[in-house]
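Student: Sequences and hints are given; from them, build the entire structure.
Protein chains: 2
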Amino acid sequence: MDQGGTERVWPVSEPQGQQDQFDVIAMGRIGVDLYPLQTGVPLAEVESFGKFLGGSATNVAVAAARLGRRTAVITRTGADPFGTYLHQALREFGVDDRWVTEVAGLPTPVTFCEIFPPDDFPLYFYRQPKAPDLEIRPDELDLQAVRAARVFWMTGTGLSEQPSRDATLTALAARDRAGLTVFDLDWRPTFWKKGAWKKGAWKKGAWNEEPRPYYEQALAHATVAVGNLEECEIATGARDPLDAARKLLDRGVELAVVKQGPKGVLALNSKGESAEVPPVPVEVVNGLGAGDAFGGALCHGLLAGWELERIMRYANAAGAIVASRLACSSAMPYPHEVEAVL
Amino acid sequence: MDQGGTERVWPVSEPQGQQDQFDVIAMGRIGVDLYPLQTGVPLAEVESFGKFLGGSATNVAVAAARLGRRTAVITRTGADPFGTYLHQALREFGVDDRWVTEVAGLPTPVTFCEIFPPDDFPLYFYRQPKAPDLEIRPDELDLQAVRAARVFWMTGTGLSEQPSRDATLTALAARDRAGLTVFDLDWRPTFWKKGAWKKGAWKKGAWNEEPRPYYEQALAHATVAVGNLEECEIATGARDPLDAARKLLDRGVELAVVKQGPKGVLALNSKGESAEVPPVPVEVVNGLGAGDAFGGALCHGLLAGWELERIMRYANAAGAIVASRLACSSAMPYPHEVEAVL
Chain A
1 MDQGGTERVW PVSEPQGQQD QFDVIAMGRI GVDLYPLQTG VPLAEVESFG KFLGGSATNV
61 AVAAARLGRR TAVITRTGAD PFGTYLHQAL REFGVDDRWV TEVAGLPTPV TFCEIFPPDD
121 FPLYFYRQPK APDLEIRPDE LDLQAVRAAR VFWMTGTGLS EQPSRDATLT ALAARDRAGL
181 TVFDLDWRPT FWKKGAWKKG AWKKGAWNEE PRPYYEQALA HATVAVGNLE ECEIATGARD
241 PLDAARKLLD RGVELAVVKQ GPKGVLALNS KGESAEVPPV PVEVVNGLGA GDAFGGALCH
301 GLLAGWELER IMRYANAAGA IVASRLACSS AMPYPHEVEA VL
Chain B
1 MDQGGTERVW PVSEPQGQQD QFDVIAMGRI GVDLYPLQTG VPLAEVESFG KFLGGSATNV
61 AVAAARLGRR TAVITRTGAD PFGTYLHQAL REFGVDDRWV TEVAGLPTPV TFCEIFPPDD
121 FPLYFYRQPK APDLEIRPDE LDLQAVRAAR VFWMTGTGLS EQPSRDATLT ALAARDRAGL
181 TVFDLDWRPT FWKKGAWKKG AWKKGAWNEE PRPYYEQALA HATVAVGNLE ECEIATGARD
241 PLDAARKLLD RGVELAVVKQ GPKGVLALNS KGESAEVPPV PVEVVNGLGA GDAFGGALCH
301 GLLAGWELER IMRYANAAGA IVASRLACSS AMPYPHEVEA VL
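Chains as they are written, first to last, in the UniProt record's numbering: chain A, 1 to 342; chain B, 1 to 342.
Quick caveat, the hints were computed from the structure, so don't treat them as lab data.
For glycine and all other residues, C-beta sits at the position ideal for the given N, C-alpha and C.
Some hints could be false.
Said to hold, decoys possible - Quick look at which bits of chain B chain A covers, simulated, 3 or more residues with Cβ under 8 Å:
(1) 30-44
(2) 49-63
(3) 81-89
(4) 104-116
(5) 123-131
Tutor: Okay, here's the thing in structure tokens:
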């Protein structure tokens, strides 16, 4: 690890001789986002929807690609026209789709949202009976490429069901903490409900699987953890930002990033350095995707070897730009746009 | 039954003293249709979608309402904003929504389509893990209203799963063949697949339940059957139009209507009368919903007591009008529009 006192606070190991080395490989959700073309009204009054590439891990890859990084995703789609669209969109965004495979019999997920700026953006997922991206299997993985990636990005949702959970942990183990291995603590309670719908109602909580044990397994392999306050609490039990960050470091990561919403971002690394940056004031149009823009820019800053505070300011700015726009994936900023905000 | 040799070939019994009598009560599917705002391109290239009230039985009720009939639907939605929308849309179309209830935990279904005129309109249903409209329960039914309706309309899809199957058969039994009891043979193979998705692929056919026994039970209670050639074959085993129509009469209905696509429509009743009318030439924009327009107009014509051939010409014209338009529910024609085509 880099202890040389250079400007780079984040050590980046760069495997040699990897012809197919990616800057970022992101593993996780993909789907079609259907976003209202009318904002500030409930779904009942939305007349038309725009269609966008979506899914958290996918958005992170798009965000990093926009910032000039060579990226790929590991995910799966349905064997349907929306799956075809996702391949096409990934290529248009410059994200490599070689590890995006089809699952027969499962529809490509679609997600609707309601847009009530500045802070209410409910999501409606259609990922039943199972999202194809939860069918990523360990034996499908190109572990050499996973190992060689300068950044490997995985998410908590990938731990919610099998075989995706084993695949995610297999990829993490293969990394052996090389380079930057990022755990996006991304936690959506609805994805942790188990079992089938029965007799007129979900038995609330009956199938909620406890994520913490899996989060701890993943944290042991990660070098970076990033999440909002709720996600940090799921992962560590702590809700206080500083406490949560410290607990994440205790679990083995070298950098903990806690997104505190209107209070900005707190970052803490294992060398004892910290950065706390306020949010960028912006007129919010659609808050969805801002966290993924933050993630893509985080990858970019870490790869560039910037100082912790610069990385956080940059990622914050990227997030703010996406929050000020309607779309997610197609709204990811280019470097000059982030610089302009900074 | 009317044997009086009047112009009315179809006998209509009119129960007395029913303050809440509806001309048409339709029981079956409801959902949100998301139709491309760009036609002739695959879903991958569709940029935006319009949102419409949809679902076959619901469309039939809308079509009959447009023709001046007092209509209601028996169906169920998710407890979500799309469910709210469906109530709102039903009211706007003048369809009574008193028997539209919510199911907790199941999303309101959405359906996408691709539009390749003149004859290719693939549908992509998001009705997993189960459509709320298949959760209609026998004990929820207002059997007095069902009995009193001048037309009761049910569909084959309602027979595909429990408790909807029992509810549909209970409603039919309550009718006791009063007035006009229409069985829309509507058959979509995907709704008859049973069991959960497992290990990477649907076991094709493994969960296909045989619809025929349920179709036969329903036919025994129906006075009118209507379907296309494939649906008639599912119901009777016969694919030849005349043969299928005769078999439907043998099963107990008093009027059989066989939609033959480009060959027009064949109708045969138990009095030995028949009508065969050619399709109305029209530039097809979107064939979806044409069958439901036909159904709503069929109800209207039967209630009016017109001659068989006039009913068929009228229903055919209504179907052609919807085929010439992009939308379904909102495209249902008014009487003067049908008259103009005739």
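Student: Work down the list of hints and note, for each, if the structure agrees.
Tutor: Hints versus structure:
Figure legend: the stretch 30-44 of chain B, annotated as covered by chain A; annotation consistent (5 residues with Cβ-Cβ distances under 8 Å, at least 3 required). Coverage of the stretch 49-63 of chain B by chain A holds in this model, with 3 residues showing a Cβ closer than 8 Å to a Cβ of that chain against a need of three. Evaluation of the coverage hint for the stretch 81-89 of chain B: fulfilled, as 5 residues show C-beta separations to chain A shorter than 8 Å, against a requirement of three. For the stretch 104-116 of chain B, the stated coverage by chain A holds: 7 residues have a C-beta nearer than 8 Å to a C-beta of that chain, and at least 3 were required.
Only when three residues or more bring their CB closer than 8 Å to a CB of chain A does the claim for the stretch 123-131 of chain B stand; here the count is 5, and the claim holds.
In terms of the numbered hints stated before, the structure departs from none.
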